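These protein sequence lines map, in sequence, to chains B and R.
Residues 21 to 134, numbered by the numbering used here, are exactly what the first sequence covers, in order.
Residues 417 to 530, numbered by the numbering used here, are exactly what the second sequence covers, in order.
Bear in mind the hints are in silico, worked out from the structure with no lab data behind them.
Every value quoted in this text rests on a predicted model; they were computed, and no experiment measured them.
Misleading hints may appear alongside valid ones.
Unchecked claim - DMTMM-like cross-link-like pairs, simulated, lysine to aspartate or glutamate; straight-line CA separation at most 20 Å: (1) B:LYS97 x B:GLU36; (2) B:LYS69 x R:ASP478; (3) B:LYS76 x R:ASP517; (4) B:LYS69 x R:GLU467; (5) B:LYS69 x B:GLU36.
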Amino acid sequence: GDSVTQMEGPVTLSEEAFLTINCTYTATGYPSLFWYVQYPGEGLQLLLKATKADDKGSNKGFEATYRKETTSFHLEKGSVQVSDSAVYFCALQNPFGGYNKLIFGAGTRLAVHP
Amino acid sequence: DAGVTQSPTHLIKTRGQHVTLRCSPISGHKSVSWYQQVLGQGPQFIFQYYEKEERGRGNFPDRFSARQFPNYSSELNVNALLLGDSALYLCASSLDGGGTDTQYFGPGTRLTVL
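The whole structure should be built from the sequences, with the hints applied where relevant.
This is the structure in structure tokens:
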């Protein structure tokens, strides 16, 4: 079945460092791909999405490109801030079946220190 | 505009009891999905509803049930609570619940079963 694999955390960075969080997926067909972020004690916030191969999603300085050839959707940010400290979830949504079930990775905790 | 709202925020129950969680979708959204997030893991899909009909169901026992009302709000019911049901329960809404539709999450209800 469909699945998402994320790099294990925690990822610890200094402020203004470059961030990469790896995400790969297994799916039949052409899923949509998402990154959600969860701040402590809160629900999930949509960070960015891409719906087809080679699409680049971007928001708040974060970017991810849908790479079908490598089945990847890695999250990047050029300069992280302390306020980016959170748990990041990669997810896929496969249109097969006609409903929008999200399949999540296990999450990657990011800690940014001054 | 208001986002997805959930109530209550926190809930403490004992084993064997039942619980009802509530969700109101974003205005104009007709589909609601429920997810369970156990501590340290990614969310797991429980149900999706669209126009009061169940459209999809995850791998959860029959103790879990849900319904959607004419105003598109939804309830998740869990009977005969087990310790393992302790989790953050997340509600997500989307426009029509189709396979490419984006889901937006509420803040969640944290359920503790003692």
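Comparing the hints with the structure gives:
no.	hint	in the structure
1	B:LYS97 x B:GLU36	holds, 9 Å
2	B:LYS69 x R:ASP478	violated, 33 Å
3	B:LYS76 x R:ASP517	holds, 17 Å
4	B:LYS69 x R:GLU467	violated, 26 Å
5	B:LYS69 x B:GLU36	violated, 24 Å
The earlier numbered hints that this structure contradicts are 2, 4, 5.
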